[in-house]
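Protein chains in written order, with my numbering: chain X, 1 to 404; chain G, 1 to 404; chain C, 1 to 404; chain E, 1 to 404.
Be aware that one or more of the hints could be misleading.
As the list claims (entries may be wrong) - Lysine to aspartate or glutamate pairs mimicking DMTMM-like chemistry, simulated, CA-CA at most 20 Å apart:
1) G:K359 / X:E349
2) G:K152 / C:D61
3) X:K353 / G:E349
4) E:K156 / X:E30
5) C:K126 / G:E212
6) G:K168 / G:D61
7) G:K156 / C:E30
8) G:K353 / X:E30
9) C:K216 / C:E349
10) G:K126 / C:D217
11) C:K152 / G:D25
12) G:K369 / G:D178
13) E:K34 / E:E160
14) C:K142 / C:D25
15) X:K156 / E:E349
16) C:K359 / E:E349
17) E:K126 / X:E18
18) E:K152 / X:D25
19) E:K359 / C:E349
20) E:K156 / X:E18
21) C:K168 / C:D61
22) C:K369 / C:E184
23) C:K142 / G:E212
24) X:K152 / E:E160
25) G:K188 / G:E349
26) E:K142 / X:E18
27) X:K359 / G:E349
28) C:K353 / E:E349
29) E:K353 / C:E18
30) X:K142 / E:E18
31) X:K182 / X:D100
32) G:K156 / C:D217
33) X:K156 / E:E18
34) X:K126 / E:E18
35) C:K156 / G:E18
36) C:K156 / G:E30
37) G:K142 / C:E18
Don't read these hints as lab results, they were simulated from the structure.
Protein chains: 4
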Amino acid sequence: MLQVRIEEPLPAQYTTPEIPVAYPDPALIEQAMKVLASAKRPLVIVGKGAAYARSERETNDLIGRSNLPFLATPMGKGVVSDLSPNFIGPARSMALQQADVVLLLGARLNWILHFGRSPRFNADVKVIQIDICPEELHNSVKSSVAIQSDLKPATKMLLEAIARSGFKFNDASDWWRDLRRKCESNRKGVQAMSMDVSTPLNYYAVFHHVQEMLPKDCIIVSEGANTMDIGRSMLLNRLPRHRLDAGTFGTMGVGLGFAIAAALYCRHHEPTKRVICVEGDSAFGFSGMELETIYRYKLPIVILVVNNSGIYGGVDEQLYNEIKDDSEPTTTIPPTILSTVTRYEKMMELFGKRGHLCKSIPELQKSLKECLADTQGPTMINVVISPTADRKPQTFAWLTESKL
Amino acid sequence: MLQVRIEEPLPAQYTTPEIPVAYPDPALIEQAMKVLASAKRPLVIVGKGAAYARSERETNDLIGRSNLPFLATPMGKGVVSDLSPNFIGPARSMALQQADVVLLLGARLNWILHFGRSPRFNADVKVIQIDICPEELHNSVKSSVAIQSDLKPATKMLLEAIARSGFKFNDASDWWRDLRRKCESNRKGVQAMSMDVSTPLNYYAVFHHVQEMLPKDCIIVSEGANTMDIGRSMLLNRLPRHRLDAGTFGTMGVGLGFAIAAALYCRHHEPTKRVICVEGDSAFGFSGMELETIYRYKLPIVILVVNNSGIYGGVDEQLYNEIKDDSEPTTTIPPTILSTVTRYEKMMELFGKRGHLCKSIPELQKSLKECLADTQGPTMINVVISPTADRKPQTFAWLTESKL
Amino acid sequence: MLQVRIEEPLPAQYTTPEIPVAYPDPALIEQAMKVLASAKRPLVIVGKGAAYARSERETNDLIGRSNLPFLATPMGKGVVSDLSPNFIGPARSMALQQADVVLLLGARLNWILHFGRSPRFNADVKVIQIDICPEELHNSVKSSVAIQSDLKPATKMLLEAIARSGFKFNDASDWWRDLRRKCESNRKGVQAMSMDVSTPLNYYAVFHHVQEMLPKDCIIVSEGANTMDIGRSMLLNRLPRHRLDAGTFGTMGVGLGFAIAAALYCRHHEPTKRVICVEGDSAFGFSGMELETIYRYKLPIVILVVNNSGIYGGVDEQLYNEIKDDSEPTTTIPPTILSTVTRYEKMMELFGKRGHLCKSIPELQKSLKECLADTQGPTMINVVISPTADRKPQTFAWLTESKL
Amino acid sequence: MLQVRIEEPLPAQYTTPEIPVAYPDPALIEQAMKVLASAKRPLVIVGKGAAYARSERETNDLIGRSNLPFLATPMGKGVVSDLSPNFIGPARSMALQQADVVLLLGARLNWILHFGRSPRFNADVKVIQIDICPEELHNSVKSSVAIQSDLKPATKMLLEAIARSGFKFNDASDWWRDLRRKCESNRKGVQAMSMDVSTPLNYYAVFHHVQEMLPKDCIIVSEGANTMDIGRSMLLNRLPRHRLDAGTFGTMGVGLGFAIAAALYCRHHEPTKRVICVEGDSAFGFSGMELETIYRYKLPIVILVVNNSGIYGGVDEQLYNEIKDDSEPTTTIPPTILSTVTRYEKMMELFGKRGHLCKSIPELQKSLKECLADTQGPTMINVVISPTADRKPQTFAWLTESKL
């Protein structure tokens, strides 16, 4: 019978000793140092390899001591805090295009990084690549320096090389000036949208005000299209391994399962830490019934559905015409949007609880406060935004296309 | 772009002509006739192969003219109506055990039919097997007559042999008398439970009263454990291919997808026909979010969740003890059951509709009437039954065990 | 230990009863009859499906009574004897191109039959297809009549329809006259080459004189390129299932293994029947070491290597130039061919036996006579032919190309 | 057409840069040094991982400076010369059983090393493991120190640690004395057999006299059962990557293909180096026809078939009885063995050449001399040994059993 509980301890030969890790070739670290030192427009990209290698201390020290600007991949976020003065996420497109040296710390040149190729990257960019997997080395573009190593020792040794050489990227350089200007101007655009609390709401206003209230150490789970993409830049990570999303292959339906796993981990290891699950309405539909599992296990997950009342990216003109002749099942939007939005928060009533429907920022603030205060089980907010809400205007068409 | 609509007709070479079917060896039909004619306690088992072969007319004529008693496999139900005087489902266990000749019409001796072996079958039973798949012939037990053929021509030719021979199984035989007595006594037991409308309700009372109201030609989709098993005997099929359930391998999570497919078929081909989806509460959890799909496509499916407030077969004593120490997430039952039952019907409120919570037969009758009258989209009934409701007492332990 | 011998008989439940076969729809047989009767230029193609179905008696009767011309696929050969007056193999190309009705008896329209398409077939040809596998019906081209059935009962029923209808294709028809003329003219061409016994020998001379001496009931195994292709038309089969070759996918290396299997079968079931294994020199190289197996098991297989001293189809001009500069390992031919031919027959000396090297027809006749008289184990003839020997001139380039 | 020759150079993006390798954790190297220094009965095992990593210089320096005794796995042979005074192969069983510390340099504890377990290993043995593959670390037995690294830098760093520490294992230690005594006594036993040149010959006599004549830098390819096992200890390797055999999974049939590959490599890169292919008679049968390929490509491979006239390990008593009644095809041995041995060397006559049949040591010496002098193409020696020849007596039954 498979349900019997085994009390005997696992025999020693089946236990797992700590895994020794691979170190880098010291000579290649020196080469990497030289290439870095020669850079006029250097850029560090921190990938989830750095998070998995638990190299956060080394990575933070490296960024701090070198004064290099950095970006993070979706699940590489938080290895170095999004609040670091060296984080130049708002200038991402410019940084990728103009950098002359890119240091990849456990990040890979796949579609998320536009394969490292022109026109998204400088055609002459020199790549310094540190990766645990030899098959990834020189992948997509040839690296100037390719290093096979676990990230933790490699980052530490590169940090030591930086310390020895006295290298510190000039804070007054043209590159830092340009990046900061670009960050500033993009932040202003985002801020304008964030402060636009008119209803129906837009993505930026929602995420901005959610961000203000989230516990600084919470685990953020996310999936969706615009919800995941915009939320990634608006919801901050200060800690490594605190963001779980649809990942390299964009797999939908994983959000609630990830949240359950994270919450069970927290229950046993960090009972005061919270899990926030930010879902697009379409993404939520893949496995929303897991709410019952969450309830039965009494996991205090806050589920936030960002609801633009449309499956697959809101409405566009063609779709709107189809709506008029009532033939399109991927949207539920009739003439008056807010009267007929899908009320996902009602799912809480399956368990005799109440969810939150929020159409305005004050409602959202009040509801999120209540949800965060409730540690007895799941809570849920259905925040209604405009079906025509979208990302901030993109100067680069490929940015959007590359996600398809 | 994958979303473009193609208006050109399919080139002729890619169209599918009608598939010619395989016929049986006429000599084997004669042999089958002889074995049938020699039977003292014959039994016909109609499988889903007969339904897929669309051999209902031939099968009904065969049963009618031969006066043979028959059973049906889960999805073989309805090829001959459950209301046929020859249907001896209530005497299933006795019929399998005592039959001396079994005629398999597209039914296979897998676990659903206890592999055709003793003690569930007579060890000396002679099997007449008609199947399209040669690998299935003589499978599990050796057949006395094995016939490779599509079911439709084989049944027709066997019917003709019966007609030629004048064979008609004696209605006054001991076998018919025993089967009828057993059916009668089992029906009385079921009837007693069906009429027990005390609350919390039991399975039989629910299904009996649902059955009274269902359209005679509706398509029944079902999945679950007890819900599917008991519902199979209580909800009648008069038409072939009108029952879709978890199938040979007992796959859970298929119910709502099956119902959507059936309803889309009906929309285009039989717009007045209704689809009823009967789900255990655990089964519903696998893909309950498909309710949103059903709503968006405005499919008039009636979803009936038979809710015993427990995942995996209600509660037993051990489980009840675990409930008391509040540690068991597979049930939500506290001291007062009805105050905390999972309110699946609330999912209708996601779309501004109301579902039905029913705790008594009158409530169920009223709600089902409303649901059947509503053809604009999905309707949903959450009928609460006792967590300790179970099947009628089984004389044969293996009957239950074999389902695991 | 895997080498223990089990003496107990196999339990009854693991024995295999005779497999009942599928029959055809009688109405489709009538349709086939009508289409056949309407044909002006009918053609039967007998495939290995007919051999596997053991329908030789029915097929012979059908050909005999209907007076239809027929072809056979490589392993369909012998179901009806190659010596039948209705066999029109020498007119194959013309028959395929001009036939208006083609009856496929277990033959499939794959690459061996040029996919049934123009220009190798008449674009308006009507196909009558009898096949056991429904997925093959209407494959490549749509059939006028497609019949799912085992070949044996289907052929028998078609024969009965022919008998009932009195159908007999007119021996004095234009079609028979044209086919016979074509056969005659092609046979003359072949005969001229067969009679050309100048050395180095050509394929046709070798096969013609081998054919004269082979036991009428021998099993012919063959693989190679020209050796298999030309041998197929020159070595006659009078019995079904007496030709084993590289098959539908042209797999090389199977010849000696097939010969071993056939010889072991004969040892136990038909001890006077002989197995002849006709190999191209390249084909023999794949698994020639199996000669040791044959010797150890004392199997009286006659192995005939038809040796054109070149791997992959002899030499052409380009190759010959490469030979001159001594750089081409796929041929061993220096200025004087016969002094350096690979002496495969020497492999017999591994076992203290002598093989036969034959360069002329008298040598070949003497050697083959000795080999056929020796029943103690393998015998081997290495017959040397011209490196430039090839097929008779082809009017249709595709005939050759389609083999690639 | 696949046979066209492409003259354009490969585009740069498809070229392969040098692969950077992983380095070890320096702290683990220190730990390894400490464990080594504490050993009373240390043992190094050099695996093919060291050969693939091209770490021969580092490995030789390490053995030389540390004075540690070592063994090699089959394809790890030659990384350090078999003639090294530190090689203790003749004392293999004792060394494995009694070592208290084992240093694995690219060797894995699979079946070839008896899974590292008692009774073949000391149950308390401490393992120091260096391997490139983290999944192999702690495999089968837990290592005291497990190091993930490419072998070359890890060996170099361990060597440096040895140099720094001044560690040198005491040549006068009990362990070295015991190992040398055991080597000496086993060498005497082997020598006795090697010097027994009575006919029919035994394995040791054959290999001893072959070894005396082989070029010191030749590549040895080998497969078979006793032929491969005994040949492994008798045929010496002085250079890394100069032994190719049936490998970890004991795959038969690879010998001639390996020899062809090695000879083509030598033709292009080391034209004076020779390839010797040592085959058991059974092994040769798998792909002996490749001799034709070798001849056509004019590769000067010396093929030595060590022929005990029996498939699968010669004859035993049971087999001998079966031979008498003439029923056993896996041996060809009649009363007088030498008159009927399989004459594999006759295969040379396929090409107008002569092979060598040798029954005595003088014949073998003369033949091998001739073969080594011939560089125009393949040469072949069929050396006949006694069907009852076997390994030297084994004190450990499992040694033999573990190979099955």
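To test your reading of the hints: which numbers does this structure violate? Violated hints (numbers, rising): 2, 5, 8, 9, 10, 12, 15, 20, 22, 23, 24, 25, 29, 32, 33 and 35; every other hint is consistent with the structure.
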